[in-house]
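A.B. asks: As a plain string of letters, each chain reads:
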Amino acid sequence: MKQEIKRIILVLVGLCLAFISLIVYISFFQVFKATTVKNNSYNKRLWINEESILRGSFLDRNGKTLVYSEKKDSSYERHYLYGRLYSHIIGYSYREYGKAGLELQYNNQLLNISENAAINELKNLVSPTTEGNNIKITIDHELQTKARNLLKGKKGSIIAMNPVNGEVYAMVSLPDFDVNRIKEDWKTITERPDSPLINRATQGLYEPGSVFKVITTAAFLEDEDMDITYDCTGTANVGGYEFTDYNKKAHGSLDLKRALAESCNTYFTTKSVEVGKDLIGNTADKFMLNNKIPFDLPVKNSQFPYKGLLDKTELAAAAIGQGKVLVTPLNMAMVASGIANGGQVVKPILVKEVLSKDGKVLKTNTTEILSLATDPINANLIKEMMVEAVNSGTGTRARIKNVKVAGKTGTAETSSGKSHAWFIGFAPADEPKVAVAVVLEEENSTGGTAAAPMARDIMLHVINNINE
Amino acid sequence: MNKRILSRSPRNLLFFFQALGLLLLLIYKGKAIDKLTLATAGGLVLVIYLSNLLLTKITSGDNYIFLITTMLVSIGIIMIYRINEGLGIKQLLWISMGIVLFFLTYFILKKIRIWENLTYLYLIGAYLLFFVTFVFGDRRHGAINWINIGQFSFQPSEIIKILLIFILSSYYSNKDRWKEIKNSSYYLMGVIYSFIFLLFLQKDLGTALVFYAIFIAIQFIYEDDKKPILINIGLFVIFGLLGYSLFDHVKIRFQAWLNPWKYIERQGYQITQSLFAIAEGGFFGKGLGLGHPDFIPVVYTDFIFSAICEEMGIFTGIGIIMLFMIFVYRGFKIAISQDNKFYRILALGISILFGVQSFIILGGVIRMIPLTGLTLPFISYGGSSILSSFVALGILQICSEEIKSKEDLDEAGD
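Residue numbers (the working numbering), protein chains in the order written: chain A, 1 to 468; chain B, 1 to 414.
Bear in mind the hints are in silico, worked out from the structure with no lab data behind them.
Don't be surprised by glycine CBs; every beta carbon is placed ideally from N, CA and C.
Please note that the accuracy of each hint is not assured.
Claimed, not checked - Footprint (simulated), chain A over chain B, 3 or more residues, beta carbon under 8 Å:
1) 158 to 171
2) 280 to 292
3) 313 to 321
Stated by the list, open to error - Which residues of chain B face chain A? A partial, calculated answer using Cβ under 10 Å:
4) L129
5) V132
6) V135
7) F136
8) I264
9) K333
10) N340
11) R344
12) V356
13) P370
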């Protein structure tokens with residue numbers, strides 16, 4: 001009898017444990033796994049709204065239609081008019097391959113739905129949503145086309161933006177892909193070693209090379225005790241490492257202005273050790289390196305790990321944009337903008353307005369100052385140095401007739417042995433309308449030769465064609 | 001006096017739960033409230049309140065198992081009605097009939113006391129039902145386990161489940177009588193395995209598992225000889241492996257459990273749709289009427305729990321699991337306090353039946369264990385499931401009362 005009761009209780013305990021394990025498992029699932037599971041593209045709930053709502057269009061800054069949806073039979077068909085040109089900006093929206101770019105980031109606005117399911121249901125009771133909102137982006141279609149043509153056949157990125165209000169006029173990243181052929185090309189797109197899916201403008205991390213000297217210069221200007229004169233012999237030994245100038249050219253006696261214009265490496269490496277890593281690092285932080293840049297598309301953080309161990313040689317290398325420094329092209333366009341805008345770095349804007357179907361403006365992205373990178377006096381000094389770099393330094397190929405252009409070239413050495421060609425700048429120098437960043441990945445040519453002429457064409461186009 | 005308060009207040013709580021749930025349902029229906037919906041809602045509240053009231057008047061036994069059951073039934077019918085009004089009304093009919101059957105079973109078992117010695121009758125009945133299934137059976141969701149009679153269809157295995165419990169109870173309560181037959185334990189094992197094998201042929205893996213679980217649990221408690229138990233476990237392992245390598249439908253379910261995302265288009269479709277629903281619901285659910293139960297396959301029966309989790313959240317889900325746990329606990333308590341061995345085993349068998357069946361289907365839809373098609377007792381839609389569950393509940397109700405053993409009755413007669 002006693003044994004019977006004992007065994008009955010044992011079976012009961014077993015069953016209770018089974019029930020408790022159910023509770024533990026379902027709680028674990030809800031806490032740790034639910035989010036991933038929910039966002040699986042096979043989850044029809046993600047698509048239920050899209051089948052009954054006309055997805056909004058994308059327009060460029062002049063109102064030109066770039067992407068639209070059209071009713072066909074019982075479903076809607078999405079038309080990407082420029083398959084490649086906006087592959088990294090607008091991206092795509094497919095059931096099988098998910099969403100990317102602004103199609104992903106602005107999905108709710110495009111469908112005119114709220115993030116809260118309960119509110120959506122209530123809204124549907126009153127007046128069901130049938131049409132989504134249109135999105136006007138800040139891109140100028142002509143400039144975007146021009147930028148892509150300039151970059152054609154190369155790897156890299158071009159960004160042009162308004163340095164005062166932050167609107168991005170053009171943002172190209174190559175290689176790209178054709179969003180209209182994503183079904184056919186999916187395998188090659190995802191497996192190609194040069195990763196066309198990556199938006200290099202925001203996600204590519206590059207050694208900046210000499211364009212970083214703009215930031216170093218801003219740091220030098222903060223240090224009033226620094227001796228700005230230097231006698232360049234073409235080489236300089238810092239912490240046991242021999243830094244050399246381009247082609248070991250001795251620049252002779254120069255001040256900070258000539259040093260930036262001539263892009264004298266030994267000047268910057270030698271002086272950087274004098275001012276120390278904290279000043280250079282803090283200045284880089286103010287130019288948004290190591291910081292999250294708020295943008296309509298996901299942006300990788302540029303890196304300058306100065307807070308850790310950084311010896312003299314590494315600091316000297318960083319001062320000329322080599323070694324541990326890695327930046328995104330967007331960040332460098334913001335550096336140029338910051339100088340152009342009197343030291344104020346503004347938030348880059350890609351979406352200008354969200355418009356309802358009947359043209360009402362629902363949301364406007366307004367200009368926002370992210371950081372005060374340097375004071376207006378120093379910004380003005382750096383601008384003059386950058387003007388000198390274009391007029392009589394390494395950036396002469398960016399010169400525009402009758403327009404004062406400020407710029408800085410860069411030729412970044414990489415571990416692969418092939419160098420990146422860089423140019424950042426803005427024009428007109430005294431009343432800036434456009435700031436640019438051009439990077440040509442593994443171009444094996446100098447920034448002054450390869451990147452500066454492209455930047456020039458872009459700036460010229462903006463000055464002649466884009467009016468606020 | 002004390003007892004009346006105790007049994008009355010949960011009844012009122014249940015009434016409030018129903019009122020709130022139905023109110024939500026009415027809000028969801030919005031303008032489309034019709035007389036039928038109101039009648040169904042009123043009908044549900046009335047039937048359940050009255051039957052709870054009636055039960056406290058007539059039974060001297062447990063009041064909680066019926067309360068728990070009516071709570072489960074209420075959650076189930078609110079969900080079913082929300083998905084499909086027609087089925088909701090039908091379900092109310094099934095529940096009403098189920099409650100009638102519950103009382104009928106209760107009274108029949110109370111008045112007639114011949115059940116201990118009918119082992120052979122139960123056996124014949126079970127095999128006959130299997131035979132009928134194979135001859136007239138209809139294939140549904142891949143399993144042949146339905147019989148159509150006119151407009152209605154029913155699942156014979158639901159009745160066989162109860163017969164199985166009677167077979168086990170009558171065997172182990174009369175162990176002395178069976179001792180005369182040599183190796184009677186093994187004959188019994190042969191009989192049960194023949195049931196399991198027949199279920200296997202019908203591709204009704206879930207029920208086969210429930211049969212096995214009831215058998216091994218009762219055997220574990222009442223078999224003095226360890227050998228048959230060990231053989232039973234060994235056979236389970238062997239048949240499991242054989243089934244896996246021989247039958248595709250076993251293999252597919254196993255693969256779908258291990259890696260549903262890889263086979264999401266086919267084998268893994270059902271389980272992943274269920275997981276989407278549970279994940280979308282979060283802790284508190286999307287709200288009644290705001291989810292998408294229409295995306296979940298077989299949502300009325302096997303996957304009702306996923307739909308409940310989507311709209312009412314896993315807090316309600318955990319509530320359901322705990323209700324089943326308390327139910328099983330009450331069932332075992334009834335068994336332990338029952339002096340009559342036959343009724344004690346009956347109570348155990350029925351508690352294990354509900355416990356194991358709900359565990360297998362709940363674990364299946366949340367992907368804790370491989371999915372096998374079963375109904376969630378008292379919650380899923382379905383005539384045979386609801387009716388047989390209420391019959392089983394009626395039996396458990398009788399077991400909760402004091403039953404004089406046969407000897408006592410004989411003595412009283414002397």
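A.B. asks: Run every hint past the structure and note whether it holds.
C.D. replies: Evaluation of the provided hints:
Residues of the stretch 158 to 171 of chain B with a Cβ under 8 Å from some Cβ of chain A number 0, which does not satisfy the need for three, so the listed coverage is violated. Counting residues of the stretch 280 to 292 of chain B whose C-beta sits closer than 8 Å to any C-beta of chain A gives 8, which meets the bar of three, so the coverage hint holds. Coverage of the stretch 313 to 321 of chain B by chain A holds. Counting CB-CB distances below 8 Å, 4 residues qualify, and the rule asks for three or more. A distance limit of 10 Å between C-beta atoms decides the matter here; for B:L129 the minimum to chain A is near 27 Å, and the interface restraint is violated.
Given the 10 Å rule on beta carbons, the hint for B:V132 is violated: about 32 Å separates it from the nearest Cβ of chain A. The beta carbon of B:V135 is not positioned within 10 Å of any beta carbon in chain A (closest approach about 36 Å), and the interface hint is therefore violated. A cut of 10 Å between beta carbons decides the hint on B:F136: the least distance to chain A is about 35 Å, and the hint is violated. Interface hint status for B:I264: upheld, as the beta-carbon distance to the closest one in chain A is roughly 5 Å, under 10 Å.
Evaluation of the B:K333 hint against chain A yields a held restraint, the C-beta minimum of about 9 Å falling below 10 Å. Using the Cβ-Cβ criterion of 10 Å, the hint placing B:N340 at the interface with chain A is not satisfied: the shortest such distance is roughly 13 Å. A hinted interface residue such as B:R344 counts as satisfied when its beta carbon comes closer than 10 Å to some beta carbon of chain A; here the least separation is about 9 Å, so the hint holds. Hint on B:V356 holds. Least Cβ distance to chain A is approximately 7 Å, under the 10 Å limit.
For the restraint placing B:P370 at the interface with chain A, the shortest Cβ-Cβ distance is roughly 14 Å, beyond the 10 Å limit, so the hint is violated.
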